[in-house]
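For this one, chain A is given, so just place chain B on it according to the hints.
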Amino acid sequence: MLQSQLCRETDFTQPWFLNACVKLNEQMRFHRKLWEWCYIYEALRQRGKLMPFRRGLGFGVGKEPLTAAFASHGVEVVATDLDVARAKEQGWVDTNQHAVSLADLNERGLCDPHQFQQLVTYESADMNNISPSYAGQFDFTWSSCSFEHLGSIEHGKRFIVNQMECLRPGGVAVHTTEYNLTSNEDTLEAPVLVIFRNRDIEAMVAELRGRGYRVTVNYTAGTGPFESYVDLPPYSNPVHLRLLLGQYVSTSIGLIIEKL
Amino acid sequence: MNIAFDMFFAKTEAMKRGIGRYSQNMIEAILKQETNNSYYYFYPDVSKGADYLKDQLQQFLYRNRIDVYHMTSPFNLFHLPASLFQAYSDTMLNKAWFGYTRVAATLYDVIPLVLEHQYMNDFVRPIYMRVIEMIRSCDIIYAISETTKADAVRLTGMDPAKISVVMGGYDPKFKPLPPGTAATAPLRYGISKPYVLCTGGDDPRKNLARLIEAFIIANRSLAERYQLVIVYNSSDDEKRAMLEQARLLGGEGSIVVTGYVPDGDLVELYGGADLFAFPSLYEGFGLPIVEAMACGTPVLTSNNSSLAEIGEDAVYQVDPASRESIAQGIVHMLSDPQLAQGLAAKGLQRSRQYNWESVALKVTEGYEKVYRRKIAVFAPRHPFYPHTYGALYHAVPYLTNRGEIDVFVEERLDDRIGEERTEEESPIEVYLHTEFESRKTKYDFIVYEIGNGERYSFVVPYLAEMARIPGIVVLNGSHLHELAWMNTVERNDLHGYYRVLDKEFGPAAPHWMDAVLGGTAPRSAAPLDRYYLEHAKSVIVYGRQTRDRLLQRNYRNVIEALAPAIALQADKSGGRSPFRFATVAADGSRPPYRLILRCLRKLIDEGCSNVSYMILAGSDAELPQGVAERVSELGLEPYVHLKVEPQYAQFKRLLSRSHAAIALSDPSADASPDIALELIASSIPTILYDGDFYRFVPDDAAAKIQPGDDEESVLLLTMLKLYRDKEEREGMSARASACMSELHTLPNFSEALQEAIEQSSSFGENPTVLWRIQESPGGVPQIRNT
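Line order of the protein sequences matches chains A and B.
Quick note on our numbering: the first sequence kicks off at 1 and runs consecutively.
Quick note on our numbering: the second sequence kicks off at 261 and runs consecutively.
Okay, chain A solo, but in the shape it has when bound (with noise of 0.2 angstroms):
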């Protein structure tokens, strides 16, 4: 069963991927953020969360094609993203990564429209201010890539603790993040984006273990040949699991954290 990890290029030739790949409609490429996805749908998939009678919670879910695979599971799905006024300002709308509707999360056609409506619902969320209506009311969380552009390192760790709020008992929150793998001392740290260093990884599992949740991180990082490749900007290469972000070489990371 999948447990906190960096991204690895084993992990692309493995069956669980390829599932995966087919589930999203994803082209196969060596790319982290198609890892990330994979990887999101794998834990929950392993843990028995893709199915009715379950209930998830996206953070940033942009136009991310995991609402609409799960929800094509039976599931039923809370999908948040920052409000439109907020987004604009931040940049995502322009990149064209912000949902401005229902119908966006489903864009590819991965769940039938009329199951999508009935199980999928759209809100405006602060990932910083999450809402005390969402405490206990579900099976899993997740999020892809977004909470390093809370603000600060510590906004990352308090999303982190906060998010498990949320879970019932017996859920599981599944999040990616940056991972910064030239120092565990110095790091990038912008109101826009963080790069999580392995002690900051630490001290938010610390947390997250005193609180009784379990966390298990793995942080093996792989030496395959696209591993050794570090994109960099407009980071347009077809490989794309390491990228140079400021002076640091960086990649994702998968958190599994569950609440028993």
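Where hints are given, some of them may not hold.
To be verified - Chain B stretches covered by chain A per the calculated footprint, using a threshold of three residues with CB under 8 angstroms from any CB of chain A:
1) 294-303
2) 320-328
To be verified - Distance condition first, Cα-Cα at most 30 angstroms in a straight line; then the derived BS3-like pairs of lysine-lysine:
3) A:33 / A:157
4) A:23 / B:634
5) B:292 / A:23
6) B:622 / A:23
7) B:912 / A:23
8) A:63 / B:271
9) B:271 / A:23
10) B:622 / B:433
11) A:33 / B:634
12) A:23 / B:629
13) B:702 / A:23
Claimed, not checked - Restraint-style ranges between C-beta atoms, simulated for each label pair:
14) A:22 / B:765: 47 to 57 angstroms
15) A:33 / B:672: 44 to 54 angstroms
16) B:1003 / A:22: 35 to 45 angstroms
17) B:311 / A:33: 53 to 63 angstroms
18) A:109 / B:312: 14 to 24 angstroms
19) A:22 / B:779: 47 to 57 angstroms
20) A:124 / B:277: 34 to 44 angstroms
21) B:276 / A:109: 28 to 38 angstroms
22) A:131 / B:378: 46 to 56 angstroms
23) B:794 / A:33: 28 to 38 angstroms
24) A:124 / B:307: 49 to 59 angstroms
Worth flagging that the hints you see were computed from the coordinates, not collected in a lab.
Since the structure is predicted, the reported quantities are computational estimates derived from the model, not experimental observations.
Glycine residues also receive a C-beta, built at the ideal position from the N, C-alpha and C atoms.
Same frame as chain A, but now just chain B:
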């Protein structure tokens, strides 16, 4: 298979009741099975009327190519509040809306018909009966107990053959308390004595009033040592009424009404009870007694309905209509610990057979049983006669029990020229092949027939569909070089020819291209299949050697079948006419006319002058050059008759009046055996080259000769024998007919097709995403889709 669940229940009060729990558990157990099925969820919107619902349903079925639709709660309207029930009572699903989609329904009970006086009125009855009609029209009905099935058959006339009893299951959290564990829940609910537990409901069918009465009587003879604990989500009024009833009967303080109890506490309450009493008047599936048995609690229940069926000898059965019977049972159970312990142990054992895995397995088996695959069949025309279809077309009706069949043809033919017509509706739709493109998304399988003949050429462009839709190829002949040749080289498409060679020979393709085009290698030396067959899930062949050759070349699912043969149905009335030999010149058969004509000449020279030879040719193109000259050279003009493109009735008449046939197809020509088999099936004594295709034809059912140096003398002797020996001819004719009607039949062939479809299904999906990685020197790795 694409399966849809009707999720109406999930949006109504039913979700919190037995039907909701049953449906949820069933669906979850089905999803946990390892199958290749895909699942979809339909939420009917009944608020906008029947027309909207129909449109919504049909769009859903079409978009998702639903094979089986499961109505998990057919009486869903009955779970709506009264006002909505009235408003939407005309809006319910209709079987006619489903088209080819198979429909399944779960039937929990027919209680309103069993206890009619209690549940029926003039408003409810017609609505209830409309739902019953809908269920009755379903392709499969899942009854949750034998009782439900029996009552449905008895009271509604449902077809018992359609009803599959799947039973129900219990949540595994219902289990005996660990040894030494003291249940704390009883204290929390104010229980102060050993107790008899009952889970009830406000429905009079639950028989609570009689149980209270019986318990108070029993408790008196048990020295008031027990309490009766009634668990359900009762209202305050209901609770007051029950306590008041007990007080009036002198049982004050002996009854505890808990109200709603969460499952965790319920497990403890079961575990702490001395007895579980459930004397309901009727249950479709008595889940409470299963849960009690699973908790190791002795059970007293009714001797009727599913309660007796589920409990059998693992429970104490009473007459629920008799207060005395219930009271006696309670006394008996509580005063005989050995009896109670024995039943508890039996009950625990018996409860284990009620699990959701078993339900899910039975339900999915039911889906398989009714599932009808959508199959497209590319059926070429008859090998000889251009105005009718070949054997594949005639075999597919045998598949209609398991599939919806659409046949694609080169051109629409009048298949029954000269035959008496019947007005029977065919379950098969016939389309021009050009219509395939717009229809192809609906098919689960495609069946192709290809071989070395022009009649197969229209099929070739569609073989590529096998990369996306599982395909089965019926391979006529032993390999396809001639087909490749006529579809490429003869159409000036050398590049296309190279592609076919490249697929077969890879780097050696240029060598073979030069050799074949240069005439240094015959086409028969270079078998070509891979270009046409590489994506086939199954290949059906008619010859053992062909099968072995394909298997050696790593084709994974090659099925050997006996070629189907259709007998010509025509009257034999040629008694006085000269003795006639006949040859049918069909697609690529290339009979050795010179040899046959020489033998005919010798036959006549030996005094057999009352003889003729009829050559039936589908077209001028089928006749090799020089036949007419040879006839003239040998002085055979009076004896040889040529008939090109005869009408079908004429073709049949001419053949059926022939005394013997000569079907010596060039064994190296990779022609199919269908014409020869058709002759044999028509009881015409036939001379043929012994070969792989005919190994199931007994030696005395046809005259088999070997090609070789002495074939002329052997052919002459055979012709002489058939000419002279009427008894031999008749014997051969009878044996041929018997053999063909037993082996080379359309039903046998359709079984092979069915096997191919089944096997193809079990192979699962081809890898959908394929790629190769190339690292350019010093550059960026590249990913290339293949």
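We went through each hint and held it up to the structure:
1. 294-303: holds (count 5)
2. 320-328: With 3 residues close enough to chain A, the hint holds.
3. A:33 / A:157: With Cα atoms ~21 angstroms apart, residue 33 of chain A and residue 157 of chain A stay inside 30 angstroms; holds.
4. A:23 / B:634: 23 angstroms, holds
5. B:292 / A:23: 17 angstroms, holds
6. B:622 / A:23: 27 angstroms, holds
7. B:912 / A:23: Distance of about 56 angstroms is beyond 30 angstroms: violated.
8. A:63 / B:271: 28 angstroms, holds
9. B:271 / A:23: Since the Cα atoms of residue 271 of chain B and residue 23 of chain A sit roughly 27 angstroms apart, the hinted pair holds (cutoff 30 angstroms).
10. B:622 / B:433: 23 angstroms, holds
11. A:33 / B:634: 38 angstroms, violated
12. A:23 / B:629: 27 angstroms, holds
13. B:702 / A:23: OK: residue 702 of chain B and residue 23 of chain A at ~20 angstroms, within 30 angstroms.
14. A:22 / B:765: 47 to 57 angstroms: 33 angstroms, violated
15. A:33 / B:672: 44 to 54 angstroms: 52 angstroms, holds
16. B:1003 / A:22: 35 to 45 angstroms: 44 angstroms, holds
17. B:311 / A:33: 53 to 63 angstroms: 44 angstroms, violated
18. A:109 / B:312: 14 to 24 angstroms: Holds, since residue 109 of chain A and residue 312 of chain B (Cβ atoms, about 22 angstroms apart) stay within the stated range.
19. A:22 / B:779: 47 to 57 angstroms: The hint (47 to 57 angstroms, Cβ to Cβ) holds, given that residue 22 of chain A and residue 779 of chain B are roughly 49 angstroms apart.
20. A:124 / B:277: 34 to 44 angstroms: 36 angstroms, holds
21. B:276 / A:109: 28 to 38 angstroms: Cβ of residue 276 of chain B to Cβ of residue 109 of chain A: about 33 angstroms, so the range 28 to 38 angstroms holds.
22. A:131 / B:378: 46 to 56 angstroms: 47 angstroms, holds
23. B:794 / A:33: 28 to 38 angstroms: Holds, at about 34 angstroms.
24. A:124 / B:307: 49 to 59 angstroms: 28 angstroms, violated
Consistency with the previously given hints fails for numbers 7, 11, 14, 17, 24, ordered from lowest to highest.
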